[in-house]
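These protein sequence lines are chains A and B, in that order.
In this text, residue positions in the first sequence follow the numbering used here: the first is 1, and each later residue adds one.
In this text, residue positions in the second sequence follow the numbering used here: the first is 1001, and each later residue adds one.
Hints in this document: simulated from the structure, not taken from any laboratory.
Cβ coordinates follow ideal geometry from the N, Cα and C atoms, glycine included.
Check each hint, because a few of them may be wrong.
Stated by the list, open to error - Pairs of lysine-lysine residues, derived as DSBU-like cross-links and limited to a Cα-Cα distance of at most 35 angstroms, are as follows:
#, chain 1, residue 1, chain 2, residue 2
1, B, LYS1215, B, LYS1104
2, A, LYS64, B, LYS1215
3, B, LYS1177, B, LYS1144
4, A, LYS64, B, LYS1118
5, B, LYS1177, B, LYS1137
6, B, LYS1177, B, LYS1118
Unchecked claim - Cβ pair distances, simulated, as ranges:
#, chain 1, residue 1, chain 2, residue 2, range
7, A, MET65, B, VAL1040, 28 to 34 angstroms
8, B, VAL1213, A, TRP343, 16 to 22 angstroms
9, A, ASP585, B, VAL1040, 28 to 34 angstroms
10, A, VAL24, B, ILE1039, 30 to 36 angstroms
11, B, VAL1072, A, LEU539, 32 to 38 angstroms
12, A, THR466, B, GLY1050, 43 to 49 angstroms
13, A, TRP94, B, LEU1127, 28 to 34 angstroms
14, B, ASN1059, A, PHE270, 53 to 59 angstroms
15, A, SER70, B, ILE1039, 32 to 38 angstroms
Said to hold, decoys possible - One-sided and incomplete, this derived list gives chain B residues near chain A with beta-carbon spacing under 8 angstroms:
#, residue
16, THR1011
17, GLU1035
18, ALA1061
19, THR1067
20, PHE1106
21, PHE1119
22, THR1121
23, LYS1160
24, VAL1164
25, GLY1195
26, PHE1201
27, ALA1205
28, GLN1209
29, TRP1211
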Amino acid sequence: MSQTKTAHEAQAHHEEPGFIRTYVFSTDHKMIGRQFLALGLTMMILGGALAFMIRWELAWPEGKMPQNPSAMTRIVASVFADADGNLPVPLTKWIPEPYMYGGIMGPEFYNALVTMHATIMVFFVVMPILVGCFGNFLIPLMIGTRDMAFPLLNMVSFWVAAVAGVIMLGGFFVEGGHAAAGWTSYAPLSAQAHFSGVDWGQNLWIISLIVLGISSLMGSINYITTVINMRAPGMTYFRMPLTIWSLFIVAILLLLALPVLTSALGMLLFDRTMGTSFFLPDRGGQPLLWQHLFWFFGHPEVYILILPAMGIASDVLATFSRKPIFGYKAMAYSMIAIAFLSWIVWGHHMFQSGMNPALGTTFMISTMVIAVPSAIKTFNWLGTLWGGNIRFASPMLYALAFVSMFVIGGLSGIYMASTPVDIFIHDTYFIVAHIHYVVFGGSIFGVFAAISYWFPKIFGRMMNETLNKIHFWITLVFFNWVFFPMHIIGVGGHMRRIYNPMQYEFLAPIQWWNEFITVGIICLALGQIFFVINFFWSLVAGKVAERNPWHANTLEWVAPSPPPHGNFDAIPTVHHGPYEYSLPDMQEDWLPQDRPLGRKAAMGHA
Amino acid sequence: MLRWLPEDVSTYGVHIDQMFHAIYIVTAITFVLVEVALIVFLIRYRHRPGRRAVYTHGNTALEIAWTIAPAVILVILGVVSNQWWNYIKASVPPTDFHVRVTAKQFNWEVLYPGPDGKFDTADDVKLDNDLTVPVHKVVRVTLKSRDVIHSFFLPNLRLKQDAVPGRDIDVWFEATKTGKYEMPCAELCGFGHSGMKGWLFVQSADEYQRWAVEKRVALADDAAPMLARAGGGVPGR
């Protein structure tokens, strides 16, 4: 460790690199983190736009005005209806045929939207921001080192991800349109071009994710090596902040899960282009093999999306409650338990797939068990708030939203874990509601908590609290407006991924909800403007941040804001855990990790 | 919330709905307790001048309690769920009524044995998207697919099962009420997925008999010889 340290200290005293080495091909973990943030936020706008188009189609299928329009529809029509009284998707007239016809989409394009919304949000928004940006930015700072173990590998990891993004976007421009077999790309639909009508779109989707897998692999190796080898003196594993625990565990999951996806994608590509038949039954293949491989990756992937948000929320809750996190070790062990169990629950995505029903029993039990560590975490978050001295700064609001929305997402998971109930709700909007409470209510609120909390450290300026609070309330209200009713239409039997719900008589009584949800998403989208304005305005004109604006304990706040190349003036020595808030017999209610405990408080604190 | 469920007209739907209800009660109580505690804590322990937070790192007894309590509840839910899962999906009760439903982009092909009561003979009767069955009769459906994965969904009978190319998957249901019920595909199967649907017609015994004669379909009771593979026992009965 001492050798690495010397190497980095030497590096810190190099002269400042030029523009390209600073902003483009930077090997500084902080700049790479910012680059991942830019990638993720840009892609979030695209992913959101796709969601908006999906919702519009569901509320007013094929742009047709309903015969007896509801009050909501009449209000929307007064703004958006065209000369013929139709309701084409706003701002989409420029999308050419055969994808859209003057703002009215065809079913092939709808399937591509559904596929790409999920693909982009999962692989190019949540992963780049939570794992790519905050993993990169926070790991060296929070464990007290000058950079990642392999800075060059780190840079390559970002640029490989950027290439994957370009390949993925390229799919929108090829003949036949983008991949349209769902983000799960179930074979055989995805395995033969003639089944879906999509040729190179699906191929590019596969290639992009293989390339992205390589990027994630490089990142995860870097994270794991850094956490194991480069912690500051005194930073034992059980003195690491829970954010670092979560990112460390996620890196291990990525290292083990991504190769499974990559091999499955390779097999799928061979089936499509080289005449193999891994997944094609007429030549001896097995369609269910794809599902097993995909979900063996896919379920750990869900935890890859949520674990960092859990870690971030834990840190934010402790800081703004001015209290040690309740049950630190229980929090760390429950994340480890989730990581182990995440490998043996994948079959719960396949209860109705034709898999042997006896396996349904096995996977139901393992799925019920994985709910326990999530429950433990929730109770410990409540325990952290209990007896606190709670300050409602915007990062805290987002973290509280994370906790309360994650509770809904966790509880709704129990319905589909129960095999008989899953018979009915599988492939309905109940599942869509559940995943959005976890990934939007959970991960995306975690993203907002993280950005508002670490913005001063990342960019050296404070975000505007008022704008953040407006954004918070609009997002919280309309998030629930949009996604809670999806439980209801799911209970009504509304299938996922259907282009036109009005083709079904049994869905007629709940079509009203589709309009309701779409009105909500218009407001939800408008609310995001406050965040965008705040982000850019604060970037240039925000109040200059001090080193430790939140009076937090973890090491990143010891470094200047933003930290220079090499991060710390001198490598800090860690004396205690990260959550020593409100110690008795102290004037201040925080105690940074690099400051020793007072003699009295040190009693009973090894 | 549960009033939004489509009408249940099957024998086993009530068990699914009751399970749904039980989980609804458990999750609703948990939800209210957690969110109320959250809000109470936020109000009670909000920052006030001069306040200082309690300095505690946790409580082992509490940790053990809130690990065991959800574990026990979840295991109970799992055990009860499993009973009905096995009843519905593990085997088909003995029956002499057997149809084949073959999914293809974007139709359900329904195949009945002809008057000889056997499949794969010249007198088999093929109908597109219409499945007609008698009420109060266990119907065994063998699901197949010609191309991609589809999912056979009968919302009113609480039945869903994927149809996978290269496999024959047996499912069953018993309708308790005559009528016409929608039969959509629930798994994305291509550009025509939306709108891929058929109808299930549940008829009284007499009506069905007349229909079967008219369509030259095997009468239910005549189909007995092809009953080679009737399923095992019925738990919970």
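Here is what the structure says about each hint:
no., hint, in the structure
1, B:LYS1215 with B:LYS1104, "23 angstroms, holds"
2, A:LYS64 with B:LYS1215, "39 angstroms, violated"
3, B:LYS1177 with B:LYS1144, "26 angstroms, holds"
4, A:LYS64 with B:LYS1118, "48 angstroms, violated"
5, B:LYS1177 with B:LYS1137, "11 angstroms, holds"
6, B:LYS1177 with B:LYS1118, "28 angstroms, holds"
7, A:MET65 with B:VAL1040: 28 to 34 angstroms, "47 angstroms, violated"
8, B:VAL1213 with A:TRP343: 16 to 22 angstroms, "56 angstroms, violated"
9, A:ASP585 with B:VAL1040: 28 to 34 angstroms, "29 angstroms, holds"
10, A:VAL24 with B:ILE1039: 30 to 36 angstroms, "47 angstroms, violated"
11, B:VAL1072 with A:LEU539: 32 to 38 angstroms, "51 angstroms, violated"
12, A:THR466 with B:GLY1050: 43 to 49 angstroms, "26 angstroms, violated"
13, A:TRP94 with B:LEU1127: 28 to 34 angstroms, "45 angstroms, violated"
14, B:ASN1059 with A:PHE270: 53 to 59 angstroms, "55 angstroms, holds"
15, A:SER70 with B:ILE1039: 32 to 38 angstroms, "33 angstroms, holds"
16, THR1011, "13 angstroms, violated"
17, GLU1035, "6 angstroms, holds"
18, ALA1061, "11 angstroms, violated"
19, THR1067, "6 angstroms, holds"
20, PHE1106, "10 angstroms, violated"
21, PHE1119, "20 angstroms, violated"
22, THR1121, "24 angstroms, violated"
23, LYS1160, "5 angstroms, holds"
24, VAL1164, "5 angstroms, holds"
25, GLY1195, "4 angstroms, holds"
26, PHE1201, "14 angstroms, violated"
27, ALA1205, "26 angstroms, violated"
28, GLN1209, "27 angstroms, violated"
29, TRP1211, "22 angstroms, violated"
The earlier numbered hints that this structure contradicts are 2, 4, 7, 8, 10, 11, 12, 13, 16, 18, 20, 21, 22, 26, 27, 28, 29.
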